[in-house]
Amino acid sequence: MELKHDGTYSLVRGNEILFRIQPAPGCTDALAEVESGVWLWTRTSETAVDRMRMCLETPTASFTMIPAVSYNGNGWGDSEEYVGDRDGDLPWTFAWHRCAIPACTYSERGDVSVALFARDDDTASCSLYREGDKTCHVLLWPEEEAPRVLMRHYWESAYHGAIQPRSVFTALICVSENIQPKKGYRKLIDYAWRRFSHPLSPRFSTGELARMTLDFFKSLYTREDDGFCAFNRGLGWNKESGSFEKRKRICYEIGWVGQNASLANALLWDYLKSGDEGERDMALSVLDSWVRDAVLPGGLMRVKFFKSPTADENILVEEQNWGYMPEVENRVGPVRFLIDACNLGGAAAGFFEAARLCEEAGIQRPAYERCALGICDFALGAQAADGSFAKSWNSKGEATREGGTVGCFLIPPLVTAFKISGKEAYRDAAVRAFDHYIADFQRDGFTTAGALDTCCIDKESVSPLLESALVLYRLTGEKRYLDAAVDAAWYLMSWMELFTVRYPAHTVCGQIGFDTLGMTAVSTAHNAVDHYAIRDVPALLELASLTGDERWKTWAGAIWCAATQLVSDGTLTVAGRTRPVGSEDEAVYHTRWARKDFDICRPTEWLTAFHAAFRMEAIRRLPDPAVLDETV
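Mapped onto this note's numbering, the consecutive letters of the sequence shown carry residue numbers 551 to 1182.
Calculated directly from the structure, the hints in this document are not laboratory data.
For clarity, every value in this text was computed on a predicted model and none was experimentally measured.
Any given hint could turn out to be false.
20 Å max Cα-Cα, derived DMTMM-like pairs, lysine to aspartate or glutamate [unchecked claim]: (1) K798 / D826; (2) K857 / D843; (3) K823 / D1174; (4) K554 / E607; (5) K737 / E583; (6) K1103 / D1179; (7) K684 / E727; (8) K823 / D765; (9) K1103 / D1033; (10) K684 / D661; (11) K1103 / D1174; (12) K737 / E727; (13) K768 / E758; (14) K1103 / E1180; (15) K796 / E1155; (16) K554 / D579; (17) K684 / D637; (18) K798 / D1033; (19) K798 / E774; (20) K823 / E910; (21) K1029 / D1099; (22) K768 / D1119; (23) K796 / D775; (24) K973 / D1033; (25) K684 / D765; (26) K796 / E827; (27) K733 / D1099; (28) K857 / E795; (29) K857 / E774; (30) K1029 / D978; (31) K768 / E827; (32) K1029 / D1065; (33) K554 / E566; (34) K737 / D1099; (35) K1103 / D740; (36) K684 / E566.
Computed beta-carbon distance windows for the label pairs [to be verified]: (37) V718 / D765: 51 to 57 Å; (38) G947 / E1180: 42 to 48 Å; (39) E1180 / A708: 40 to 46 Å; (40) L822 / P749: 31 to 37 Å.
From the three backbone atoms N, C-alpha and C, an ideal C-beta is built for every residue, glycine too.
Produce the entire structure from the sequences given, and follow the hints as far as they go.
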């Protein structure tokens, strides 16, 4: 590659132009290479100005990305999201804080990728669009989001900010050669982390987190009048009582948000260490209730209850969504929820683990393994010819929605079923499913439909793909699975916040010192950050061990540290409301998404079970959880 300057700057390779900078009247540009393939672009205006546009052109891209916002223009699924490169005739613009790297745009063509992004102490917006035979990477000042702004399932009018006039504007350019299709952003992520990150430490030790998290689980435990026992899905703020209280509708769930199997297993695990019979009895009452009241003919099981099986009797309707959206919450009368692959895979994995823990404790519960094997038997019969699983089924086992990567959640329990039974059909189904999902990922460059309250490109759906790749690598030793795990992990990193958003002191996020670094965005439709990737911490640490690449250990630590900052020790107070011990928000509205006014970005105040469940899974599954106590 050679940088040329003939009135403007361009990067060439032989006769091929890799990028060209659009000059601006009254401005001079300078490029300084800060390391191989990375340049600092400084534009100086003859006079101080309060608006600036810095544009870098590349040949028409074959794949584009705005990390955590847009993957090749989005458009997979049916959720409200940013689709394409423009809205009508006007290109989309995105604020720096909406992107995982400040105001970052990325494109590939052939074996070359180019990215343009801002410094983390600036307030630019970005835009990425096609114009003729060029792809335009643009940084804009002042901050704006236009032509309209995506909110939570609806749109708002455009946002336009302001800056003090200035004469110097800067940007960063990152170029990678010899890339593989849809994988060329690895250098960008590595550089952005090194440039923008700072040391992170967990707020609590793993021992402290385990104690507080188990206390939180116990606070969610509920025994209904009919004897059904379960953990509530989480706590929400009740304005009338002025306190956090258990959810009153759609209270219980075996996996996903509710994670009843995982919470019960955490208590069984602690019982094996502490001998606390109360924990043992609580866990068994929950698992026994689900086996007794949720298992259906053919191996399926119901995955959600409004309150309890008795309260849900005379079920009238099978919903065509996930039982989470407002129209379901507000429906008068009972609802039967669809059985989704995320919950079903989580149930099978959870009951296999419960059976093992009970065996270690000398407790006889053969029904747990039968339940898990039943789900796997259903999966064998429900698997499509191409190896995929549906996203959801009704109680008769009929598919109600196809597509997405979410079927991957069934792969790990199928492998466990093979190990337990020796039945090769389980292993073969797992391999066929993985081959289907990894082929989709390699073709598209993204995964889909893991977040059950949206249907779009997302972060959650790569988690079971990463887990499945490592499960199959352990089973077979075939390098292709390890390679697939590395690919999946890099995609996960494209969702990780690689810089710290600096919130004004008067904002809620500013008051609590919230740090975006290490958090991960949810999906292209839900532009918030959450702690879900804590589920992937053990996988990333395993990757570090298997590959010798210490970056995976560093990034696992960053995710862990970020996910501990909002765990309450019983004294954490946010916006005047003190959180119960061990609780943590589902997500943080870190950008202009759930609230149009950026000044009131804040945590959700929906204190869910599932991130706490993943926290405990990491602690109990790692050979040495003390690795999580380190500063990264």
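Are the Cα atoms of K798 and D1033 separated by 20 Å or less? Violated, at roughly 45 Å.
At the C-beta level, are V718 and D765 separated by a distance inside 51 to 57 Å? This hint holds: roughly 53 Å between Cβ atoms.
Mind checking the hinted window 31 to 37 Å against the Cβ distance between L822 and P749? Hint holds: Cβ distance 35 Å, inside 31 to 37 Å.
Pairwise hint evaluation, E795 against K857, where the allowed Cα distance is 20 Å at most: holds, 15 Å
Confirm or reject the claim that G947 and E1180 have a C-beta distance inside 42 to 48 Å. This hint holds: roughly 47 Å between Cβ atoms.
Verify the proposed pairing of K796 with D775, using a straight-line Cα cut of 20 Å. Roughly 16 Å separates the two Cα atoms, so the pair holds.
Straight-line Cα separation of K733 and D1099 no greater than 20 Å? Distance ~17 Å between K733 and D1099 Cα, so the pair holds.
Quick one, are K798 and D826 close enough, alpha carbons at most 20 Å? Answer violated: K798 to D826 is near 29 Å, above 20 Å.
Tell me if the straight-line CA distance from K796 to E827 falls inside 20 Å. violated, 25 Å
Taking only the CA atoms, is the gap from K857 to E774 under or equal to 20 Å? Holds - the C-alpha atoms of E774 and K857 are around 8 Å apart, at most 20 Å.
Straight-line alpha-carbon gap K823 to E910, limit 20 Å: At roughly 11 Å apart (the allowed maximum being 20 Å), E910 and K823 satisfy the hint.
20 Å limit on alpha-carbon distance, applied to hinted pair K737 and D1099: holds, 14 Å
Taken one by one, the earlier hints fail for this structure at numbers 1, 18, 24, 25, 26 and 32, listed in ascending order.
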